[in-house]
Amino acid sequence: MSSILPLKHPPETLAATPAALRQGWSSAKLRRRLAEHAIETLLLLAAMVSVFTTAAIVAILVWESVVFFRSVPLLDFLTDTQWTPLFDDAHFGILALLSGTLTTTIVALMVAVPLGTILAIYLSEFAPFRVREVAKPFLELLGGIPTIVYGYFALLFVTPVLQRIHPELPGFNMLSAGLVMGIMIIPYVSSLSEDAMRAVPMHMREASYAMGATRLQTALFVVTPAALSGLASSYILGISRAVGETMVVAIAAGMQPNFSFDPSEPAATITAYIVQVALGDLPHGSIGYQTIFAAGLTLLLITLVFNIIGHFLRKRFREAY
Amino acid sequence: MIPKSIGASTSETGVAELRRLIARHKMWDWLFGLLGTLALLFATLVFAALFGQMLINGGPHLSWDFFTSFPSRRAASAGILSAWVGTVLVMLVTALVAVPLGIGAGIYLEEYARKNLLTDIIEINVTNLAGVPSIIYGLLALGLFVYQFGLGQSIAAAGLTLALLILPVVIVATREAIRTIPQNIREGAYACGSSKWQVVSHHIIPYSLPGIMTGVIIGLARAIGETAPIITIGALTFIAFLPPSPFSSPDHLLSFEWLLAPFTVMPIQMFNWISRPEEAFQANAAAAGLVLLVMTLSMNALAIWIRYHFRKKIKW
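So the protein lines, in turn, are chains X and Y.
Each residue of the first sequence is one higher than the last, beginning at 108 in my numbering.
Each residue of the second sequence is one higher than the last, beginning at 985 in my numbering.
The hints are simulated quantities; they were obtained by calculation from the structure and are not laboratory data.
Values in this document were obtained by computation on a predicted structure and should not be read as measured data.
Keep in mind that the hints are not guaranteed to be accurate.
[As the list claims (entries may be wrong)] In silico DSS-like cross-links for lysine-lysine, where the CA-CA straight-line distance does not exceed 27 Å:
1) X:136 with Y:1180
2) X:422 with X:243
3) Y:1099 with X:422
4) Y:1180 with Y:1099
[Said to hold, decoys possible] Examples of chain Y residues toward chain X, derived with CB under 10 Å:
5) 1087
6) 1092
7) 1110
8) 1175
9) 1212
10) 1216
Note that the Cβ used here is the ideal one computed from N, Cα and C, for glycine as well.
The shape of chain X in the complex, shown without the other chains (with noise of 0.2 Å):
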């Protein structure tokens, strides 16, 4: 049957030992199927260790949490307007720190909304292809930018230069932080909206040019609106982006819990608060070091629903087309 094909093995071996030889080739292809299969199993335990870390952390965050909601009512955790955790007058308002983080991301987001949005019409319908071809990498690296760094420039540059406008501006203030934050969001707004913009099919665009329509027309009237649900996304993965960020605030707002809604004053976030906690020397398992657990919990709960919140509006946007 295979006289004319060139054979590996000699077919006088073949009828010789054709029970031997047909045990070792099904031998070795119970190895290989085994061998394959140890690799699927290897690469799915790669793949589970995303379900393990977060269900660790849901964990330990809750875990910490049960405890010192055992000693803190709940319901004051939510109202009481103070947070002063390691005084002797203890108070645990999570509000005192929930007004420094709200606060900080609504400046955030005033910068950055619409900064990242003309820049995302911009580059998606106006830019010349070789302005784009260098401002997209451009804004990639400002993203790249560490955020210590950004914090840096918040305390020792931005607010030194609002202070020369508005003298009375403490050196720790909500505001400096804020525009700083909003800066670092840009890039990250920015992408994602263009993305979206770009995903608008191209014959929409010709359909309204068709008509006379201008560029700004056509991006206002016939991208945006397609592309609504893609910017809607971008914003609210902003607006999670801004409620984690940690050192912008940490260095530029201080870390003195402030129950104020107003920018120009020095405030703790959440975030800073654990910060500050973690750079004390509080001993594993008192009040203080259970705190930062129940503040984690707050801070992970407020991402995860503008997370699930973005998530489903990418997905809308996605399915439109």
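The hints should help you fit chain Y onto chain X, whose structure is shown.
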């Protein structure tokens, strides 16, 4: 908006009005183009201010001694020796953990995973972990690595933390790189009798390597600058000694004592100097920031270059 006289387009006033309308809208176009250019200019100026201020404050401080001295109480003689050695060692642990795990997970999800509940759960977890704030990883590490596993505030604990942090970056980059490989490559290999792993190891991994490298480099650049999770595990900020050398053991084997040694890294050292009130230390912070900035920016630039270079070269 449309002039009434447009029907009688032969009339002089109608044409003139139409021209004015067009000119006005063209002006709006032009103005938005200007706005976009200004926004880009603003971003450039911010970067110039950030870099310029660090260069002015920290530039004069950069010298050979700065790289070879330990931190000190006297700002003038303080250096970043323990910080950069710490950063290199922590990155080594991070890369050794995150690269195989990330690539393995990416290959599994693209090439092996069946469409079932488990795959959905893994995918949701990867997406979700990419959005978890870095400080939460610090809390995870504090509870798990530092206390449960008893690693303490060591290089191993920090390296593992950062590895988990950049895992989603590596996984996503791997998957995207694999997705660009056309199906007929796989089919061709199978037709020649390859097993699944042979297809993956001979074809999928080599062809997706530039994309994977980009992801790994971007992930490591991010890990180098991460401060919050390392502060959270309680890493000391004043370290004036080096971890034990891996070659110091008497029986001439590699020693792994350094894994459990206390350490400091570049961003922690910089944070330590920023929080000092004395102005002299802020110059040190600027110099350390400059080094950090050059490290991360050159890594990012390398990643971008690899991507653009190979995108041009590969033609399926």
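Hint residue 1087 (chain Y) vs chain X: min CB-CB distance below 10 Å?
holds, 8 Å
Using Cβ atoms only, decide whether residue 1110 (chain Y) comes closer than 10 Å to chain X, and label the hint accordingly.
holds, 5 Å
Would the hint on residue 1216 (chain Y) stand, with a C-beta cut-off of 10 Å toward chain X?
holds, 5 Å
27 Å Cα cutoff - pair residue 1180 (chain Y), residue 1099 (chain Y)
Cα-Cα ~17 Å, so holds.
Taking 27 Å as the top limit, are the C-alpha atoms of residue 422 (chain X) and residue 243 (chain X) close enough?
holds, 24 Å
Hinted pair residue 1099 (chain Y) and residue 422 (chain X), Cα distance within 27 Å
holds, 18 Å
Identify whether the interface hint at residue 1175 (chain Y) stands, where standing means a beta carbon of chain X within less than 10 Å of its own.
violated, 17 Å
Take the C-alpha atoms of residue 136 (chain X) and residue 1180 (chain Y), compute the straight-line distance between them, and say whether it is at most 27 Å.
holds, 13 Å
Verify the interface restraint on residue 1212 (chain Y): the C-beta must sit less than 10 Å from at least one C-beta of chain X.
holds, 4 Å
Answer holds if the nearest beta-carbon of chain X is closer than 10 Å to that of residue 1092 (chain Y); otherwise answer violated.
holds, 4 Å
When each numbered hint is compared with the structure, a violation occurs for hint 8 only.
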